[in-house]
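A.B. asks: Here is how the chains run, residue by residue.
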Amino acid sequence: MLKKLFWLVLLPGLLLTACGHTQETTLPNGLRVIVKEDHRSPVVVSQIWYKVGSQDEPKGITGISHALEHMMFKGTAKHGPNEFSRIIAENGGRENAFTSYDYTSYFQQLEKSRLPIAFELEADRMQNLTLAKDEFSKEIQVVMEERRLRTDDQPEALVAEKFMATAYRVHPYRHPVIGWMPDLKAMTIKELRDWYHRWYTPSNAILVVAGDVKPKEVFALAEKYFGPIPARPVERTREPVEPKQTEERRVRVSVPAEVPYILMGFHTPALTSAGHGDVAGWEPYALTVLGGVLDGGQAARFERELVREKKIASSISVDYTAISRSPNMFLIDATPTRGHQTGELEQAILAQIERIKREPVTAEELRRVKAQVVASNVYSQDSVFYQAMRIGQMASVGLDWRMLDDYVKKLNAVTAEQVQTVARKYLVDTNLTVAVLDPLPMTKGKRRMPPPPGGSNVR
Amino acid sequence: MGKRGRFLARIMALSFIAFLIPVNAFATPKIQHWTLANGARVYFVETHELPMLQIRAVFDAGSSRDPADKAGLASLTSAMLDEGADKLTADDIARQFEGLGAEFGAGVDRDMATVSLRSLSDASLFDPALDLFATVLSAPSFPEASLERLRAQSLVALRKEAESPGAVAEKAFYRALYGEHPYAHDPRGDQASLKAITRDDLVAYHRQYYVGANAWLVIVGDASARQARNIAGRIVGQLPAGRAPVPLPLVRPLQAPRLKKIAFPATQTHIYLGQPGVRRGDPDYFPLYVGNYILGGGGLVSRLSVEVREKRGLSYSVYSYFLPLRMPGPFMLGLQTRNDQRNEALGIARKVLADFVAKGPTEEEIEAAKKHITGGFPLRVDSNRKIADYLAMIGFYGLPLTYLDDFIPNVEAVNAEQIRKAFRQRVHPDQMVTVIVGGGR
Chain A
1 MLKKLFWLVL
11 LPGLLLTACG
21 HTQETTLPNG
31 LRVIVKEDHR
41 SPVVVSQIWY
51 KVGSQDEPKG
61 ITGISHALEH
71 MMFKGTAKHG
81 PNEFSRIIAE
91 NGGRENAFTS
101 YDYTSYFQQL
111 EKSRLPIAFE
121 LEADRMQNLT
131 LAKDEFSKEI
141 QVVMEERRLR
151 TDDQPEALVA
161 EKFMATAYRV
171 HPYRHPVIGW
181 MPDLKAMTIK
191 ELRDWYHRWY
201 TPSNAILVVA
211 GDVKPKEVFA
221 LAEKYFGPIP
231 ARPVERTREP
241 VEPKQTEERR
251 VRVSVPAEVP
261 YILMGFHTPA
271 LTSAGHGDVA
281 GWEPYALTVL
291 GGVLDGGQAA
301 RFERELVREK
311 KIASSISVDY
321 TAISRSPNMF
331 LIDATPTRGH
341 QTGELEQAIL
351 AQIERIKREP
361 VTAEELRRVK
371 AQVVASNVYS
381 QDSVFYQAMR
391 IGQMASVGLD
401 WRMLDDYVKK
411 LNAVTAEQVQ
421 TVARKYLVDT
431 NLTVAVLDPL
441 PMTKGKRRMP
451 PPPGGSNVR
Chain B
1 MGKRGRFLAR
11 IMALSFIAFL
21 IPVNAFATPK
31 IQHWTLANGA
41 RVYFVETHEL
51 PMLQIRAVFD
61 AGSSRDPADK
71 AGLASLTSAM
81 LDEGADKLTA
91 DDIARQFEGL
101 GAEFGAGVDR
111 DMATVSLRSL
121 SDASLFDPAL
131 DLFATVLSAP
141 SFPEASLERL
151 RAQSLVALRK
161 EAESPGAVAE
171 KAFYRALYGE
181 HPYAHDPRGD
191 QASLKAITRD
201 DLVAYHRQYY
211 VGANAWLVIV
221 GDASARQARN
231 IAGRIVGQLP
241 AGRAPVPLPL
251 VRPLQAPRLK
261 KIAFPATQTH
271 IYLGQPGVRR
281 GDPDYFPLYV
291 GNYILGGGGL
301 VSRLSVEVRE
311 KRGLSYSVYS
321 YFLPLRMPGP
331 FMLGLQTRND
341 QRNEALGIAR
351 KVLADFVAKG
361 PTEEEIEAAK
371 KHITGGFPLR
381 VDSNRKIADY
391 LAMIGFYGLP
401 LTYLDDFIPN
411 VEAVNAEQIR
421 KAFRQRVHPD
431 QMVTVIVGGG
441 R
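Protein chains in written order, with my numbering: chain A, 1 to 459; chain B, 1 to 441.
One thing to keep in mind: the hints can contain errors.
[Said to hold, decoys possible] Here are the simulated DSS-like cross-link-like pairs (lysine-lysine), alpha carbons at most 27 Å apart as the crow flies: (1) A/LYS112 x B/LYS371; (2) A/LYS357 x A/LYS409; (3) B/LYS371 x A/LYS311; (4) B/LYS370 x A/LYS78.
[As the list claims (entries may be wrong)] Short derived list, chain A residues pointing at chain B, Cβ under 7 Å: (5) PRO42; (6) VAL43; (7) ASN82; (8) GLN109; (9) GLU146; (10) ARG148; (11) VAL170; (12) ALA186; (13) ILE189; (14) PRO256; (15) GLU309; (16) LYS311; (17) SER314; (18) SER317; (19) GLN372.
[Stated by the list, open to error] Derived list of chain A stretches under chain B, where covered just means 3 residues or more per stretch with a C-beta under 8 Å from a C-beta of chain B: (20) 65 to 71; (21) 376 to 386.
The set of hints was computed from the structure by calculation and includes no laboratory data. By construction, the Cβ of each residue, glycine as well, lies at the ideal position given by its N, Cα and C atoms.
Please build the complete structure, drawing on both the sequences and the hints.
C.D. replies: What follows is the structure in structure tokens.
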């Protein structure tokens with residue numbers, strides 16, 4: 001009886017949102033469920049995305065979203081610590097979780113018939129997490145070890161951390177996802193409980209399932225396990241907006257290291273901020289193509305001219321993603337060849353950028369970038385996990401995943417003029433931040449300086 | 001709470017025995033295999049769901065084939081393939097591949113040199129990509145200027161690795177484990193050996209090892225059997241037959257424990273423990289694989305992870321594995337921890353290992369391990385890329401073509417006594433290499 005009622009409520013939504021092989025519904029308690037069919041193999045991936053990440057963290061408790069992610073494996077009233085992992089393992093599953101600036105996500109990959117197991121466990125820990133003090137006191141040590149491993153003992157990761165703290169003055173992207181070490185040391189179980197209760201509700205979550213499943217069956221299963229969780233609205237505070245940068249910013253990081261390194265970046269819009277004010281809807285696509293012209297492979301300009309011709313860069317790469325909750329950055333990182341300084345390399349990179357502004361990119365370059373986009377869109381379908389990942393990322397930062405269907409079309413529509421326009425608009429010196437690794441001698445036995453107060457962290 | 005949790009888990013686990021049947025019935029990829037006139041062995045799986053092809057040419061030309069004083073030769077030869085071929089420059093090659101949306105790759109590990117191509121199957125894109133791939137594979141020109149550049153890049157990469165305590169520890173581990181054996185050195189080479197390599201060395205290495213008798217070709221994707229035969233002929237059929245290289249030297253077992261401590265400016269100490277393990281195709285492979293899942297292979301539920309991480313919070317990552325190679329590859333146990341906790345962490349890891357070797361797993365653990373490995377089998381072959389990985393392994397190591405079909409029965413057949421016996425024979429906790437890299441003294 002109840003179920004029938006449910007389907008009545010559900011059906012109109014289904015009709016509206018059926019699109020390709022992906023369908024979406026929303027449970028009455030606010031949980032969004034998105035299902036992507038891929039029948040190549042009898043497998044399924046289930047991912048739950050909570051719209052909470054390090055950018056939601058106030059000063060003083062940085063890293064709490066990631067610490068909570070660790071604690072999500074430490075048991076509920078029903079299942080003891082580590083039972084979640086044990087049950088998934090016994091069912092042939094692989095599982096993990098990751099936290100970023102924008103979201104916290106948990107996933108299981110299973111043979112398709114075991115999906116109910118993942119749902120039962122995930123629904124349980126959405127509402128019944130124990131958050132025991134003794135478990136927390138051990139697990140926060142694990143998190144600190146993770147920080148030492150990924151950041152404190154990695155010179156380039158330290159540079160990236162300092163870079164973000166310099167490029168952002170106001171917006172919380174300035175804090176590392178894993179948190180500053182003093183905050184990790186001071187964190188309490190009470191703070192975790194509050195964080196959990198504030199953010200872990202059905203209406204702040206998106207369930208993405210991809211694989212050899214039927215949407216209707218997944219929706220019914222989701223209703224069975226997640227449906228009974230009471231609705232609870234999430235109160236979001238207004239997100240701080242990073243004021244426009246008006247001057248070049250620089251930071252040097254001096255730690256024991258062997259090789260210099262440079263990280264440069266410009267504030268740029270993302271799809272979430274495009275189409276409003278003075279940011280045109282096509283700009284993130286043009287920035288993506290610009291990234292491809294500079295760094296989309298061995299034929300791209302950086303590799304061809306800075307690595308092969310000038311031999312000034314030993315390695316170089318561009319990182320820009322159009323998918324983030326707040327405006328992010330167009331990043332370029334590089335290592336000079338021996339005998340060259342980071343300063344020379346910086347000038348060479350800036351000269352490349354000036355050329356983009358001066359002369360439109362060639363038709364051949366545009367064609368090549370677009371050929372790569374078309375092909376890699378097909379290649380990406382080889383991974384069921386990645387397909388779910390793309391949908392979940394889009395949805396959790398507040399974008400319509402249906403935009404994925406138009407992604408190739410939109411990139412194909414980018415013109416040489418648009419590439420030039422975004423370069424002129426964003427890749428300017430008043431919008432530039434530069435962080436440089438200045439190697440100190442790796443003196444034997446001498447301990448590295450205490451870590452100065454970085455990225456996405458996988459559990 | 002704990003007991004109740006276990007009880008529920010047991011009920012759930014029981015209710016899923018029923019699902020093991022469809023998993024067993026799950027169709028594994030159908031492998032077609034043939035050999036070309038020049039000796040190259042071809043492995044093909046036809047899948048038409050996606051309009052793409054995954055191609056991998058594998059040669060017994062990994063770093064274990066480096067001459068003693070020229071470590072890094074295999075790696076440089078591989079990296080130089082797309083720097084020029086026939087009359088084409090590196091720019092031409094890059095422009096053509098990328099203009100077609102094709103992805104070219106080349107790399108080496110200790111055993112294999114792998115050259116790969118991923119392309120859309122549309123003939124107007126695939127045909128030119130395939131021709132270019134064949135040219136790069138058979139007629140690289142190894143320009144002198146590119147060699148200088150890639151050598152310089154390798155030297156920078158080596159110096160970067162010297163910044164990472166984990167990389168320093170891993171290199172020291174292989175050196176301590178393998179001594180004079182060609183598995184000992186870093187596949188990238190070292191400062192001195194890289195400087196000794198000349199263009200003539202690359203030409204000779206390519207001529208000797210990139211030949212039909214030393215080649216395995218993997219094709220997975222949107223092609224018919226007839227097309228696959230054509231593809232194979234065009235890629236490796238043109239290579240000279242050449243000769244298969246002589247077998248690698250035997251790996252000597254360790255006779256006594258070895259301890260290597262390296263002071264390093266870091267907040268953590270990285271610890272590696274281990275010894276030479278097994279060859280690919282070893283009859284004890286499945287008992288060791290299932291046993292190691294219990295010891296340190298099973299993510300957060302392994303004994304090592306439970307004792308070192310879950311119970312004590314000493315390490316973010318702690319694991320063990322066997323890496324089977326042509327000759328016995330390493331058995332390795334690894335962890336990292338804050339400098340002042342290293343003795344405690346090392347003591348616990350050693351105790352867990354010694355205890356496992358002495359007493360073996362419990363029946364419960366074996367059951368759980370088998371359920372994990374068999375229940376998750378479909379995940380191993382759920383993409384063209386993973387199928388290509390398996391084909392390369394099956395071909396290169398001469399495993400039976402039924403390897404994937406036999407996988408679940410082989411796992412199911414393992415029992416406690418086999419695991420105990422295999423571990424006692426193969427793993428000697430009192431004769432291990434221990435590498436400790438970190439701060440403090």
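A.B. asks: Go check the region 65 to 71 of chain A versus chain B for me, would you? Three or more residues, Cβ under 8 Å, otherwise it fails.
C.D. replies: With 0 residues close enough to chain B, the hint is violated.
A.B. asks: Under the criterion of a CB-CB separation shorter than 7 Å, is A/PRO42 in contact with chain B as hinted?
C.D. replies: Given a least distance of 5 Å, the restraint on A/PRO42 holds.
A.B. asks: Can you verify the interface hint for A/GLN109: is its Cβ closer than 7 Å to any Cβ in chain B?
C.D. replies: Interface hint status for A/GLN109: holds (6 Å vs cutoff 7 Å).
A.B. asks: Under a C-beta cut-off of less than 8 Å, do 3 or more residues of the region 376 to 386 of chain A approach chain B closely enough to confirm the stated coverage?
C.D. replies: Three-residue rule met by the region 376 to 386 of chain A, so holds; n is 7.
A.B. asks: Please verify that hint: A/PRO256, Cβ, nearest Cβ of chain B, below 7 Å or not.
C.D. replies: holds (5 Å)
A.B. asks: Quickly compare the C-alpha distance for A/LYS112 and B/LYS371 to 27 Å and report which way the hint goes.
C.D. replies: holds (15 Å)
A.B. asks: Quick one, are B/LYS371 and A/LYS311 close enough, alpha carbons at most 27 Å?
C.D. replies: violated (53 Å)
A.B. asks: Take the shortest C-beta to C-beta distance between A/ARG148 and chain B; is it under 7 Å?
C.D. replies: holds (5 Å)
A.B. asks: Would the hint linking B/LYS370 and A/LYS78 be met if the CA-CA limit is 27 Å?
C.D. replies: Holds, at about 25 Å.
A.B. asks: Given A/ILE189 as an interface hint, is its Cβ closer than 7 Å to any Cβ of chain B?
C.D. replies: Interface hint status for A/ILE189: violated (14 Å vs cutoff 7 Å).
A.B. asks: Take the shortest C-beta to C-beta distance between A/VAL43 and chain B; is it under 7 Å?
C.D. replies: holds (5 Å)
A.B. asks: The hint names A/SER317 as touching chain B; please verify it with the least Cβ-Cβ distance against 7 Å.
C.D. replies: Nearest chain B Cβ about 14 Å off; hint violated.
The structure does not agree with the numbered hints 3, 11, 12, 13, 15, 18 and 20 stated previously, though it agrees with the rest.
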